[in-house]
Amino acid sequence: MSAGASQLQSLLPRESLLWIFAAQLAVLLPHTMHLPNWLLGAWVIAVYWRLEVFRGRREMPGRLAKLLAVSLVVAGLVLTYRRWFALEPMVALLAVSFTLKNIELVSRRDALLSLMLAYFLAATLFVFEQTIPYALYGIVCVVIITAALVAQQGRRSARPGRALGLSARLLAQAVPVMLVLFVVMPRLGPLWAVPQNTKAASTGISDSMSPGDFSELSKSDKPALRISFDGAVPPPEQRYWRGLVYTHFDGRRWSEPDAADGYPRWGRGRSNRRGYDGAGSERALPAVGPRYRYQVIQEPSHNPWLFALARPHSETRGVRETDDDTLVYRTPVGARLAYQVRSWPRESVADSGMSAAEQRRNLQLPASGNPRARAWARARFEEGLDGEAISQALLSLYNRSFTYTLKPPALGADTVDEFLFSTRQGFCEHFASSYVFTMRAAGVPARVVAGYQGGEWVEQQEYLLVRQYDAHAWAEIWLPERGWVRVDPTASVAPERIRDGLQSAAAEEFMQDALLPLHKIAFVTRLRLQWDMVNYRWYQAVVSFDSERQEGLLRRLMGEISPLRMALFIGIPLLLALLVLVVWLKWSSRGPALPVASRLYLRFCRRMARAGLPRNPGETPGEYAQRIECALPRLGPMAVRITRAYERAAYAGDARAEKQLRRLLRGFWPIRLSRQARTQVQT
Amino acid sequence: MSVQPIQSQTSADAPGVKPLFRARWLRWLNRRLPPAPTMTLDHRKLFVLPTGAGMGLLLVIFLLWLLGTNYENNLVLALAFLLVGLLVILPIHTFANLSGLKLQRVETLPAFAGDYGQARIALGKTGKRHHERVQLAWPPEEGVQVDILEDDLREIRLDLPLLQRGRVRAPRIHVQSRFPLGLFRCWSWVDLDVEFLVYPQPRSAGPLPYGASVGEGDQQKPFSSGGDDFVGLKAYQPGDSLRHVAWKQYAGGRDLNSKEYASGTDARLWLDWDLLGGRDVEVRLGNLCAWVLEAERAQVPYGLRLPGQSIDPDLGAAHRHKVLSALALFPVQGVSQ
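Sequence order for the protein chains is A and B. The working numbering numbers the first residue of the first sequence as 1 and each following residue consecutively. The working numbering numbers the first residue of the second sequence as 1 and each following residue consecutively.
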């Protein structure tokens, strides 16, 4: 008997099965973006099978069927993923184990295991995305999983309203603990190298530039960078966010030097760790203070390069400076990344000449092509002009007869020649490319710099929002006495592009291909900026909350961080919570409220008990009053009056008697009375 | 049916407690939760610990923390901390679910040894709080599960397998609940001072010993099927066997009469201890018990003769209880309980 009953009790009823499936579906749905589609199909089949078993139409799968299912799914995983040490296959593996568990979901134990897995899978969602919508969805998931746990407690608990309500209530009560832990728990930093999200395509500026790349970028209004300043803010025409330096030109395409040139991207970065012996850094920081201090929050680009003003230095872990005056990250930026930068004024750093290799790199030109540009440059050189004068001549040429457009005519084989002498319409990349080519042809070391220019203030200059359409390319030339000097040929054609941004420089063409011209509606623009603001705050407060910010916050909250204050910081909320709890327990274990008269009478009884004459169990008020009269004659008449008033108030519903009872009790202090009696006896 | 023996003394089956500590544990429990017919569960009587699933969640939290730390992902960490919060508040809810539950022993029904004894226990609230998914059991029995909701006073029946006759004190009742998430369990070992009166296990001893009496000297031949010497009619009295009612005469329009039979000197049925000489005490008691049941079934008034004790023949539930109690409480000889 007992064995049968226990099995019956541990078998999963319908509602608890359905709840488990609901929780699994909630967790799996957003994962379909990263996981192969057949996984969802496999899940549906597993669930269908389990429900058929529940209806009694099918048997629980045998060992052979289970083996087959496992090998099928593993084969699917092997075929889908080539690399195993990556994020997606691991999450997929988790989802698979979850799916396969369904076909042998028999006991309560299995159900609980499945739900624990669901919690974990819900968390992996955040590894892919940390945006507000995902966070909200994550909360929904956790509420549903917890509701599924509630539903395992039987039919009454499995009703949707009750399960969800109870789950939400429990989680809401857990939130204070979470907040305290979130603020207090130390962030250790990665304990070991973990696989990163690798699948996503890179966005934004790429490692090469050919005609048309930047006009492509100008169609996107996605955010690229958010920059907040600490102190001085550079004027609009100085906001050049340098990302990459292209020095190699093959006649059409500008690119970074090849890794084959002994130029690995991360390797060329200087370590920013100084500390072992002080000589770890090759370049000492300038003696004068930095001009700008700022924090850049970069959207995931899946590229390693970062963006900063010229002469940057960053202490953020994983960020290095390069010889090209840019910053790189140790891995491609797969999630939002925040880094602190200090930038020095260009003049403060004396460039210590240029090595022969560097000079060769910055004068490199293809062997042939673009003869007219070369001829023009040679003519300027033979006129005896120095680098600065040649640059001036070229810029005034642009200024005289060139137009700035997002839709330039297509260029043939000699891109520079055609642009300089026939089409004369172009975008920043055309100007930068032709400028650098010509300068090099004239013997002046020059390079193309790609990055973003400008940005839009959000919410009273809290931060600068730089979008993809702010992508820009400009040039730098080497002047022997001044070092690298920034020259923006676009500025001489369309100064408003630099001052006010792309939107005002190319108002006609700006975002023409957008499905809805939302940028033209002021209200929508404002709303979008506000949404960006919310995102920014979210990122600042939650996503990028690291040990440094933690320390800052704790210092703000506690003044200074000491063990005692820490203990108080954790202990006081804990004690408060316990107190609230105890009060709640007491309150909720109280019976229904008594009528006023009874409460008053009970007070009388309590006072009598304190005076040494408690009421016996089962004693009627009348008997009690008599006993008091006998034992304490002094109190007797009063006790009788109180009892009579109580009886009238309680049984006859006499409101006047109730008032009288209250009045009588106010003056009834048996301890004092009996003590007086005793002292009288003594005297 | 295989049932594990249960000691008739107070025993709370604390799993995993070695015998050495068991006595101490029971002493401590007796001090902390003294037996009482009515008991309200409160913080002194309840224990809370995580279940296996609760430990599982702890493991999940640790893994989440590793994930969040390695990926420097604050949302994963926040989820881990939220689950920690859940683990912090859950024991309180689980405790509150049982705290304030009032248990009251109502009565116990006598039973035969080898059968299940049943105790009726009333459950109620002392406050406004509900008590959900409360399991009561005498482990290793299954027990029952009840919900005490809005102004609910529930009476439940708990079964306990009984092996020995006599007065048997029930072990402590295991009251447990895993509400609301099954991650913590709150439990208590409650002693409601439940005592069973256990009749001996009936052992068949052949037909009823009509007319048999031992030790009178004038030994008569034992009648095989009751007295069959018809003596006459007498007025029917309640309690008379229906078999002996003179139905024929009644149908003929006369008063309800019983036929009177005589069998030898003493026509009444005496279930005598001495009739079963030479057998073991417990077997004798079992045989007597079987006869009692047989006589009740046959509606034959019967009396009981035990050493130093005699109950005059009669019929009916009260008489049966009296006789069976005498059998149940017959002193145990040689075997110390």
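The hints are simulated quantities; they were obtained by calculation from the structure and are not laboratory data. Here the structure is a predicted model, which is why all the values come from computation and not from measurement. Glycine included, every Cβ here is placed at the ideal spot set by N, Cα and C. A portion of the hints provided could be inaccurate.
[Unchecked claim] So the derived label-pair ranges between C-beta atoms look like this:
1) A:586 with B:35: 22 to 32 Å
2) A:59 with B:128: 30 to 40 Å
3) A:160 with B:145: 17 to 27 Å
[Claimed, not checked] For the chain A half of the interface with chain B, some residues (derived, Cβ under 7 Å), not all of them:
4) 150
5) 190
6) 585
[What the hints assert, rightly or not] Straight line, CA to CA, 30 Å or less: simulated BS3-like cross-link-like pairs of lysine-lysine:
7) A:586 with B:45
8) B:102 with B:128
9) B:102 with A:586
10) A:407 with A:219
11) A:66 with A:101
12) A:586 with B:248
13) B:248 with B:322
14) A:222 with A:407
15) B:248 with B:128
Now the hints, each set against the structure:
no., hint, in the structure
1, A:586 with B:35: 22 to 32 Å, "holds (27 Å)"
2, A:59 with B:128: 30 to 40 Å, "violated (48 Å)"
3, A:160 with B:145: 17 to 27 Å, "holds (22 Å)"
4, 150, "holds (6 Å)"
5, 190, "holds (5 Å)"
6, 585, "holds (6 Å)"
7, A:586 with B:45, "holds (16 Å)"
8, B:102 with B:128, "holds (12 Å)"
9, B:102 with A:586, "holds (16 Å)"
10, A:407 with A:219, "holds (11 Å)"
11, A:66 with A:101, "holds (10 Å)"
12, A:586 with B:248, "violated (73 Å)"
13, B:248 with B:322, "violated (34 Å)"
14, A:222 with A:407, "holds (20 Å)"
15, B:248 with B:128, "violated (65 Å)"
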